[in-house]
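Let the hints inform the model, and build the full structure from the sequences given.
Line by line, the protein sequences give chains V and R. Under my numbering, the first residue of the first sequence carries the number 1, and numbering increases by one thereafter. Under my numbering, the first residue of the second sequence carries the number 1001, and numbering increases by one thereafter.
FYI, nobody ran anything at the bench for these hints, they're computed from the structure. Predicted model, so just to flag it, every value in this text is computed and none were measured. Worth double-checking, as some hints may not be accurate.
Stated by the list, open to error - To be clear about the criterion: a stretch of chain R counts as covered by chain V if any three or more of its residues have a C-beta under 8 Å from a C-beta of chain V, and this derived list gives those stretches:
(1) 1054-1067
(2) 1073-1083
(3) 1086-1094
(4) 1103-1115
Don't be surprised by glycine CBs; every beta carbon is placed ideally from N, CA and C.
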Amino acid sequence: DAKTTQPPSMDCAEGRAANLPCNHSTISGNEYVYWYRQIHSQGPQYIIHGLKNNETNEMASLIITEDRKSSTLILPHATLRDTAVYYCIVRVDSSSNTGKLIFGQGTTLQVKP
Amino acid sequence: DSGVTQTPKHLITATGQRVTLRCSPRSGDLSVYWYQQSLDQGLQFLIQYYNGEERAKGNILERFSAQQFPDLHSELNLSSLELGDSALYFCASSVGTLATGTGYTFGSGTRLTVV
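So this is what it looks like as C-alpha cells:
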C-alpha cells in the first residue's frame, strides 16, 4: 500500500469548511483513497473513500486530483464535534488483499468556536 | 453503538501477568481485526481472523496470541506483560476479508494499563 503524507495539525473556525490535504504521490492505479477519523481515543470511524472520481456523502466530500497524487477531504461546515485526528489511507481492495488498514500519524483537526 | 463489542473497557494489571481481551463482531461479520494504539507507535495492525482462520498478521509480538471461536467472537491474549504494552486495543469487524467503506467497523476499545 502506498505511503501518505498529511500535515500534523490544522485549525478551523466553527461553521467554516475544513480542507484536509493528503499527499500520496506513489499511489498505484488500483489503490483507493480512504479517510477515517478518530475522536478522542474512540474507535476510528469511516468517513469516505474513492478511486479517481470525486465523492460526496452525508459527512464529507473527497476531491482527488487528476493525477491521483493527492487528495483533499472537505468537511463543509465544521462543528466542534469534528475535532479529531483524520487519517488518510491508500489501499488496494481486491480478493487477494486483506482487510488490514495501515494508519499513519494523521492530521489533528481542531475546530474552534 | 457500532455493533462491535469489546470487553473489558478498562484493565489494570501488573507486569508479568496475562490478560485476555474479548471482541464480539457486528452481527453477520466474519472478519475480526485487532489493532494496538500506543502513544509512541500510533495505530498498528496486529492480526486478522476470517471465519475462524488467521488471515493476516502484522507486528504482533510472540507474547501475544489471538483466536476466533465458532460463534465468531475473538480473544486477544497478552502474556508476560511489560510496561510498554500499555495501550488502547481496538477490535474491528467486516463481512468479508476486505476493508471496504462502511462495512468495516471499530469497537470502542479496551484500555490496558500495565503497572
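Stated coverage of the region 1086-1094 of chain R by chain V [criterion: 3+ residues, CB within 8 Å]: Coverage by chain V holds for the region 1086-1094 of chain R (4 residues, Cβ < 8 Å).
How does the coverage statement for the region 1103-1115 of chain R fare against chain V, requiring three or more residues with Cβ below 8 Å from a Cβ of that chain? It holds: at least three residues are needed, and the region 1103-1115 of chain R offers 7 whose Cβ sits within less than 8 Å of chain V.
Are 3 or more residues of the region 1073-1083 of chain R near chain V, judged by a Cβ distance of less than 8 Å? violated (count 0)
So is the region 1054-1067 of chain R in contact with chain V by the C-beta rule, three or more residues under 8 Å, or is the coverage claim wrong? Our answer is that it holds, as 3 residues pass the Cβ test (under 8 Å) against chain V, meeting three.
Of the numbered hints listed earlier, the single one contradicted by the structure is hint 2.
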